[in-house]
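Could you build the full structure based on these sequences and the hints that come with them?
Each chain is listed here by its residues.
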Amino acid sequence: MQTVNLTDTVDRTFMEKVMEESGQVLSQCYQCGNCTASCPYTFGFDIPVSRVMRLVQTGQKKAVLESSSIWLCASCTSCTTRCPNNIDVACVMDVLRHIARREGFVKERRVKAFFDSFLDSVRKHGRVFEIGLMVDYVCKTGRFWTDMDLGPKMLPKGKMSLRPHDIKGKDAIARIFKRFEEENK
Amino acid sequence: MSKLSYAYYPGCSGQGTSMEYEASTRGLCEALDIELKEIPDWSCCGSTPAHACDHVLSAALSGRNLALAADMGEDCVLTPCPSCLTNLKNAGRHIAHSDDFKAKVNKLLDEPINEVPDVKSVLQILFEDLGPEGLKDKILKPLKGLKVVTYYGCILTRPPKLMEFDSEENPISMDELMKAAGAEVLPFPLKTECCGASHGVARKDLVMKLSGKLLDMAAQLGADAVVTACPLCQMNLDLRQGQVNQANKTSYKLPVFYYTQLLGWAMGLPQAQLGLDKLCVDPMPALNGIAKKEDAA
Ligand code: SF4
Ligand code: SF4
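Protein chains in written order, with the working numbering: chain A, 1 to 185; chain B, 186 to 482.
Among the hints, a few may not be true.
[Said to hold, decoys possible] With a Cα cut of at most 27 Å, we get these calculated DSS-like pairs of lysine-lysine: (1) A:Lys140 to A:Lys178; (2) A:Lys157 to B:Lys438; (3) B:Lys398 to A:Lys153.
[Said to hold, decoys possible] Not close to chain A: a few residues of chain B, all C-beta gaps over 12 Å, as computed: (4) Met257; (5) Glu259; (6) Cys261; (7) Lys287; (8) Gln309; (9) Gly316; (10) Gly319; (11) Val370; (12) Thr435; (13) Pro455.
[Unchecked claim] Which bits of chain A does chain B cover? Going by a derived footprint, with three or more residues having C-beta under 8 Å, they are: (14) 106-114; (15) 120-133; (16) 147-153.
Calculated from the structure, these hints are not laboratory results.
Beta carbons: idealized from backbone N, C-alpha and C, even for Gly.
Structure (structure tokens):
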């Protein structure tokens with residue numbers, strides 16, 4: 001198991017930041033482990049979700065933001081549903097991704113690339129254009145063989161449109177993204 | 186009863202990977218005299234990628250659609266997709282409860298949001314407003330002898346304080362509708378387990394394990410089919426079933442229906458409206474099995 005030297009790496013403002021952005025009272029987490037026991041992704045996480053909570057409490061910013069777990073979290077909200085202290089754990093995981101993204105920590109590049117391709121597609125067309133999204137993802141990651149086997153299953157069924165579904169208000173959507181970037185400069 | 190009518194948010198996947206869910210939802214609602222008024226020029230809610238990026242951005246993408254629905258004069262929006270449902274509900278909740286958050290969202294939008302309509306899933310309306318009883322006399326071809334497991338996925342009823350529908354640990358709405366349509370519903374212990382959600386592309390290895398567990402359990406129970414209400418769950422279990430088989434050395438051929446398809450089938454809706462030909466695992470053996478069991482009886 002990875003061990004962390006608590007005294008060398010404490011960032012005292014980190015927990016406050018996460019509390020403020022998530023609106024959750026993190027000090028209430030008493031490490032019962034319900035979230036980890038409920039989390040379907042525990043087997044694939046490098047740090048189980050309850051431990052992520054503890055690391056946030058103890059100001060271990062770098063260890064948390066460098067983890068795979070925050071990118072692999074599927075937002076299934078099992079943790080939130082079962083936390084006895086009413087902590088919205090899934091929301092905390094979301095906020096950790098926000099901070100990691102802003103500060104340039106990206107452990108799971110492919111997951112982030114997929115999210116980015118998705119949002120770019122929405123920004124361009126107003127709705128997701130699935131084939132365009134996949135092409136963009138392949139360009140970003142170089143993973144040409146991703147899901148190649150699914151094409152022959154979907155195309156004959158007409159399940160993937162070859163053309164984007166542009167909406168009339170697509171400029172309004174592009175403006176939402178633009179203003180968001182300006183606000184967060 | 187006066188005609189039920191709602192603003193309708195189809196969601197992006199309904200135009201592509203889950204077009205059969207969209208078609209069967211519309212067909213079913215029409216047959217049940219529930220009017221779905223599509224939100225004009227609706228846009229993507231941003232799904233998981235948006236809320237994983239920023240909550241204000243996510244709420245603005247969803248909020249635009251809520252505002253359009255309010256402009257239509259509707260006070261309730263329906264959507265078939267649990268992911269859209271979560272995003273729309275979350276946005277509405279936060280905008281309504283925090284002026285500060287609302288102001289941040291409005292800063293991103295062309296027009297500020299005033300009213301925030303309620304948001305519900307189509308399943309919720311069918312279960313709560315119509316009810317299994319209201320369905321019974323419409324069933325022309327009961328799903329007799331069809332053994333199904335109902336798979337709700339993780340977010341349709343969770344977290345309970347946000348979703349306010351059915352049970353977060355043991356949901357029964359689809360079970361009851363399926364029973365009303367004559368199917369045999371097997372007790373499925375993984376009703377709300379995660380199928381791997383949107384990581385199918387980036388981390389397929391993880392999804393193969395999670396979706397594999399669901400198919401293993403359904404098969405062990407002797408189910409003829411899985412019934413879902415979520416485009417992402419359906420895609421992971423149906424479209425990716427071949428990949429799951431390959432990864433886990435299994436050979437399942439379990440059809441994965443949308444509940445709207447099976448209800449529509451039992452109500453005798455035309456096949457074209459149900460989009461059965463869009464499913465990857467051939468559903469016909471299971472459906473033909475119903476007819477055979479009927480003959481034998
Ligand atoms: S379930 Fe809640 S209290 Fe328990 S470890 Fe997880 S976050 Fe902490
Ligand atoms: S929301 Fe994320 S951390 Fe919580 S149980 Fe689901 S996958 Fe695990």
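Results for each hint:
Note on lysine 140 (chain A) and lysine 178 (chain A): the hinted pairing holds, with a Cα-Cα distance of about 21 Å set against a maximum of 27 Å. In summary, the hint linking lysine 157 (chain A) to lysine 438 (chain B) is supported, as the alpha carbons are separated by about 18 Å, within the 27 Å threshold. Proximity of lysine 398 (chain B) to lysine 153 (chain A) is assessed by CA-CA distance (about 23 Å); at most 27 Å being required, the pair is judged to hold. At roughly 15 Å from the closest C-beta of chain A, the C-beta of methionine 257 (chain B) stays outside 12 Å, upholding its exclusion from the interface.
Interface exclusion of glutamate 259 (chain B) from chain A stands, the closest Cβ pair being 18 Å apart, more than 12 Å. Every CB of chain A lies more than 12 Å from the CB of cysteine 261 (chain B), the least distance being 22 Å, so the non-interface label holds. The beta carbon of lysine 287 (chain B) sits about 15 Å from the closest Cβ of chain A, which is more than 12 Å, so the claim that it is off the interface holds. The Cβ of glutamine 309 (chain B) lies farther than 12 Å from every Cβ of chain A, with a closest approach of about 17 Å, so its non-interface assignment holds.
No Cβ of chain A approaches the Cβ of glycine 316 (chain B) within 12 Å, the least distance being about 26 Å, so the stated non-interface status holds. Listed as a non-interface residue, glycine 319 (chain B) keeps its Cβ farther than 12 Å from every Cβ of chain A; the least gap is roughly 30 Å. Residue-level check passed: valine 370 (chain B) sits 23 Å from the nearest beta carbon of chain A, beyond 12 Å. The Cβ of threonine 435 (chain B) sits about 16 Å from the closest Cβ of chain A, beyond the 12 Å cut-off, so the non-interface label holds.
Once the 12 Å rule is applied to beta carbons, proline 455 (chain B) is consistent with being away from chain A; the minimum gap is 18 Å. Only residues whose C-beta sits within less than 8 Å of a C-beta in chain B count toward coverage, and the segment 106-114 of chain A has 5 of them, enough to reach three; the restraint holds. Check on the segment 120-133 of chain A: 5 of its residues sit with their Cβ under 8 Å from a Cβ of chain B, so the three-residue criterion for coverage holds. Requiring three or more residues with a Cβ within less than 8 Å of a Cβ of chain B, the coverage given for the segment 147-153 of chain A holds, as 4 such residues are present.
The structure fails none of the hints (numbered hints given earlier).
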